[in-house]
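**Student:** Sequence:
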Amino acid sequence: MSSDGPLANADVPTPPPRPRGSVAEVFLAFLKLGLTSFGGPIAHLGYFRDELVTRRRWIDDRAYADLVALCQFLPGPASSQVGFGLGMLRAGAGGALAAFVAFTLPSAVLMIAFASVGTAVGGPVGAGVLDGLKVVAVAVVAQAVWGMAHALAPDRQRAGIAVGAAVVVVLLPSSLAQIGVIVVGALVGLWLCRASVDAAGPAAVFPVTRTVGWLCLATFVVLLAGLPLLAATTGSGAVDLVDAFYRAGALVFGGGHVVLPLLEAEVVVPGWVSPDAFLAGYGVAQAMPGPLFTFAGYLGAVSSVGPGGVAGGVLALVAIFLPGFLLLTGVLPFWNDLRRRAGARAAMAGANAAVVGILAAALYDPVFVTAVTGPATFALALVCFVLLVAFRLPPWMVVLVGAGGGIVVAFS
Numbered sequence: 245m246s247s248d249g250p251l252a253n254a255d256v257p258t259p260p261p262r263p264r265g266s267v268a269e270v271f272l273a274f275l276k277l278g279l280t281s282f283g284g285p286i287a288h289l290g291y292f293r294d295e296l297v298t299r300r301r302w303i304d305d306r307a308y309a310d311l312v313a314l315c316q317f318l319p320g321p322a323s324s325q326v327g328f329g330l331g332m333l334r335a336g337a338g339g340a341l342a343a344f345v346a347f348t349l350p351s352a353v354l355m356i357a358f359a360s361v362g363t364a365v366g367g368p369v370g371a372g373v374l375d376g377l378k379v380v381a382v383a384v385v386a387q388a389v390w391g392m393a394h395a396l397a398p399d400r401q402r403a404g405i406a407v408g409a410a411v412v413v414v415l416l417p418s419s420l421a422q423i424g425v426i427v428v429g430a431l432v433g434l435w436l437c438r439a440s441v442d443a444a445g446p447a448a449v450f451p452v453t454r455t456v457g458w459l460c461l462a463t464f465v466v467l468l469a470g471l472p473l474l475a476a477t478t479g480s481g482a483v484d485l486v487d488a489f490y491r492a493g494a495l496v497f498g499g500g501h502v503v504l505p506l507l508e509a510e511v512v513v514p515g516w517v518s519p520d521a522f523l524a525g526y527g528v529a530q531a532m533p534g535p536l537f538t539f540a541g542y543l544g545a546v547s548s549v550g551p552g553g554v555a556g557g558v559l560a561l562v563a564i565f566l567p568g569f570l571l572l573t574g575v576l577p578f579w580n581d582l583r584r585r586a587g588a589r590a591a592m593a594g595a596n597a598a599v600v601g602i603l604a605a606a607l608y609d610p611v612f613v614t615a616v617t618g619p620a621t622f623a624l625a626l627v628c629f630v631l632l633v634a635f636r637l638p639p640w641m642v643v644l645v646g647a648g649g650g651i652v653v654a655f656s
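Residue numbering for the sequence shown follows the working numbering, starting at 245 and increasing by one per position.
Think of the hints as simulated: they come from the structure by calculation, not from any bench.
Everything hinted at is true.
Cβ-Cβ distance ranges computed for the label pairs, FRET-style:
1) A634 - S480: 54 to 62 Å
2) G479 - V513: 17 to 25 Å
3) G515 - A476: 16 to 24 Å
4) A403 - V466: 39 to 47 Å
5) S480 - D609: 38 to 46 Å
6) V361 - V613: 26 to 34 Å
7) V466 - A634: 47 to 55 Å
8) S518 - A555: 14 to 22 Å
Just so you know, even glycine gets a beta-carbon here, dropped at the ideal spot from N, CA and C.
Using the sequences provided together with the hints, build the complete structure.
**Tutor:** This is the structure:
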């Protein structure tokens, strides 16, 4: 069979550049991340890079930044989509599912359990641990920015794109600004970065066919349009719950805290969840590792609409994550084809540099300005950064150091 031309055999994905791992390997790697990845979606990208790019070498920095840039474009929980894509790259569809379940499970279980017991971590010890975990996020994101800048913005052109992106996002902090700077970065890269990427190796190719891609995109649209009709026709509380959380997951860009206004509109405004219960759950979610979208599990469990309890929590979790995963899987086979072109690789070089700028902006706000509140927390952030970069301690150990340091700061 001929393989001439960039689009030949487009429905048969090229094998990944490294041997594929097992579903169990993916599950254990992401379970570790789900237990130790504190600090929100930007920090998660740093944890992913440290564990899966630097330590395990599942993917290189350029391909990792390609995936991050794509997930920034798409609605849904960006860090969870990146994890889903990494699991798929490593072990196919089973790996993608394993990555999602393992990364989400620890915080999902804790949030649904909190809905049952109704108690939150409080007092100076709880506050100190939370503050220490925020400081750890500063160190993790700083390490990610440092490493990705060396790999993805090594020349004046790409460094300029990164700095410009950081300036724009700092001055205009919104998901639309992030998408805009990636678009502009891609356009500038198409113009300035051809020489720097033509000699680079091929990007990672995800094992998704065009047929599967079209089916996923069609399913996304059918559910988005059909669930409201099904809810109105059946009058089922469970369908109402799925519809609300699916819509929230389908319409949010960037994930993380951006989804909170959508969730409030879906569950507080109609009276499904009280404002006090909503805020209590949100406060506890800040102390959890893993994706902030597991807040949906708590809301589904306490909602007066739907089955409530564990069943309601599971329905809400599946519904809010599903649209982002359908979209990512749907576009990956076409993304594979596009990235084979030299012009597309130049555009992605610019987009990747813009991603570095976005991470640098996020390092300042919200990560640094939220976590570093005085000399003591700044010193703790420096200690955690040095432990990661110079001593090369694994992030989970630095999490313990940060949590302990936060308690010390709280009592000092």
